[in-house]
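A.B. asks: What follows is each chain in one-letter form.
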Amino acid sequence: MPERFSTLTSRPMPLIRDNIDTDQIIPSREMKSTGKTGLADGLFAGWRYTEIGGREANADFVMNDPDFADSQIILGGSNFGCGSSREHAVWALAEYGYRAVIAPSFAPIFAGNCIRNGVLPVVLDEIEIAEIEKSKTIITIDLPAQTVSLPNGQFWPFALNDESKIMLLEGLDAIDLSLKQADAIGVWQSADRVQRPWIYLGAEQ
Amino acid sequence: MLAIDRVFLHERTGAAALNALADANRKVVDPSRVFAVTDHIVDTRPGRTDQTLMPGGQAFITETRAATLAAGITLFDVNDPDQGIVHVISPELGVVLPGCTLIAPDSHTCTQGAFGALAWGIGSSEAEHAMATGTLRLNKPKSMRVTFTGKLSTGVTPKDMIMALIARHSAAGGKGHAVEFSGDAVQALDMDGRMTLCNMTTEFSAMSGFIAPDEKTFSYLKGRRYAPKAANWELAVDNWRSLYSDKNAIFDQEIEIDASEITPMVSWGTSPEHSIGIDQAIPESAAERSLEYMALDAGTPIKETTIDAAFIGSCTNSRLSDLRRASTLLNGKRVADGIKAICVPGSSNVKREAEKEGLDQIFLNAGFEWRESGCSMCFYAGGESFDAGSRVISTTNRNFESRQGPNVKTHIASPETVVASAIAGTIADPRELLESVTA
Ligand code: SF4
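Chains A and B, in that order, are what the protein sequence lines are. The first sequence begins at 1 in this note's numbering and counts up by one. The second sequence begins at 1001 in this note's numbering and counts up by one.
Hints are not guaranteed to be accurate.
Label-pair ranges, simulated between beta-carbon atoms [stated by the list, open to error]:
| # | chain 1 | residue 1 | chain 2 | residue 2 | range |
| --- | --- | --- | --- | --- | --- |
| 1 | A | V194 | B | Q1253 | 46 to 54 Å |
| 2 | A | P66 | B | Q1253 | 32 to 40 Å |
| 3 | A | T50 | B | P1046 | 39 to 47 Å |
| 4 | A | E126 | B | L1053 | 45 to 53 Å |
| 5 | A | R29 | B | Q1253 | 35 to 43 Å |
| 6 | B | Q1361 | A | N58 | 53 to 61 Å |
| 7 | A | E126 | B | D1023 | 32 to 40 Å |
| 8 | A | E131 | B | Q1280 | 52 to 60 Å |
Don't read these hints as lab results, they were simulated from the structure. On a predicted model such as this, the values are computed, not experimentally measured, just so you know. The beta-carbon is built from N, C-alpha and C at its ideal position, and this holds for glycine as well.
Take these sequences, add in the hints, and give me the full structure.
C.D. replies: As structure tokens, this is what we get:
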């Protein structure tokens, strides 16, 4: 079950490039097992290390900058998370310790995967993101209030649909949300069993 | 919320979904409606075991075995007589049925829409969701109807139909739609052909493709292991007969194609939309990057391009009728010198049936390898592949960069075109060979 999300205060790491795709977030060669874990090491591997498959830190890449070592927020470019639908991209981000990404736009499947895994996708426009970067300070994301704020009191509101907000606040995933309707599903299935008995294999054998 | 009637997992993504459910202390609500198979990274060389050429691949197989056992899910394991590519065995076993919803964490699940089912590919979390709740949350897709009028010419196949659709209307043409295929040329297809047609709706960016079920559908399914029996069969068929679009139905989008105008198709580039008729030249407008990757020039005819290898297999074109048609052309001939040629039956059942008919001997005598069933070299997961940089003519569905191995140049085409090309050693028109065979 994803961690609950309420407020988050951290120095954001700027990675402001457009079209960062899921293959860059977690390259295929770094998906080595059947699990959702063990992926943090491969996060942004193509940029983070000096050579493919290697583990020597590339000092020029922002993730390796000590200033951002404890960052839990990424400032990104537009169409963040495009490409393959692999959920491993979000699993890798969450495992490494990122809890939020602020970007001008997200690929829809990636944004959905974020919500299901306790990672908050925040949409702000490019100018706002540039201002945040320029401030070079910690920021606070307040999910109940739906704002991003600087210590000087400056803040920006962001939009999020109700279902996603509830899921993140309560640490629910879509499965929990749907299981709340288990009774209604059960009633529907009992009626369906009469109409389409051939669908229910357990009963037939 | 939509009720999900069937889930089919494979070893590349299945264990991950099942392990995640178990870790969250959740149960598969109805394991009798979930199935799994080892097809993706399983070895296809004769005498196979759990060992596989993909580094670390064996764990995917053993963990899938353990996870399905623990969850009470039926697994068609490495050497099970019913093992095969998920989208080939699901229909063979009668798992997919008209009017049912079927999902699998695999993009070519749309293949099974050929039975009048709503079948589509999903991600890991959605597979977990479906197994834990019996439902999925989704928005209703837009609708599209693609009507193929008229009759296919000799030597032209359902593979050419779907490639022609994508070439004309682009790889994004079906974006997110549920696509109904209809028209005389679709109704005339047998079930194998209908599956080939629906298989590549994902290359058209559609959510899924489907065909209204008819007597061919029902007679294909009758008596299959998981198909309804006795009184339930009568009840089911009655219900299935009502599954067709109303005469005056309105679709969000309509496309019509005259099937008689379609010729054998072959791809020249790195997207399925980069496809042309076998007699045509590579368009002058061809994307620079794709041409460079494929080492081809705009304006040159695609025919007579020298190839290094030929592949018959995959969930698109590896069913018994595909192998029969291919072997008719291949009978008594040999592939050209130096061509690496491989045939991988789509399921263990297909393989046995083909062997009963002696097709394996035709392939072997012609210089093809004859493999155990699986996805095999349809895709590259770090294990076996074609030689780096080689040019392959293939019955598969994706001609992406490095899809079949590092820098491998893939040309997708029908089994007929692959056979004709393997014999010629260059991309060749199957109609010429067909004439000599039937003459
Ligand atoms: S045969 Fe190829 S396309 Fe089909 S399921 Fe296997 S890997 Fe995917």
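A.B. asks: Just tell me: holds or violated, for the beta carbon distance of E131(A) and Q1280(B) against 52 to 60 Å?
C.D. replies: holds, 54 Å
A.B. asks: Between the beta carbons of P66(A) and Q1253(B), is the distance compatible with 32 to 40 Å?
C.D. replies: violated, 54 Å
A.B. asks: Between V194(A) and Q1253(B), is the Cβ distance one that fits in 46 to 54 Å?
C.D. replies: violated, 36 Å
A.B. asks: Is the gap between the beta carbons of Q1361(B) and N58(A) within 53 to 61 Å?
C.D. replies: holds, 56 Å
A.B. asks: Using the C-beta atoms of R29(A) and Q1253(B), is the stated range 35 to 43 Å upheld?
C.D. replies: Because 39 Å falls inside the window, the suggested range holds.
A.B. asks: Is the gap between the beta carbons of E126(A) and L1053(B) within 45 to 53 Å?
C.D. replies: With a Cβ separation near 46 Å, E126(A) and L1053(B) satisfy 45 to 53 Å, so the hint holds.
A.B. asks: Do the Cβ positions of E126(A) and D1023(B) conform to the proposed distance bound of 32 to 40 Å?
C.D. replies: Since the Cβ atoms of E126(A) and D1023(B) sit about 39 Å apart, the hinted range of 32 to 40 Å holds.
A.B. asks: Hint says 39 to 47 Å; check whether the CB-CB distance for T50(A) and P1046(B) agrees.
C.D. replies: Holds, at about 43 Å.
The structure shown violates the earlier hints numbered 1 and 2.
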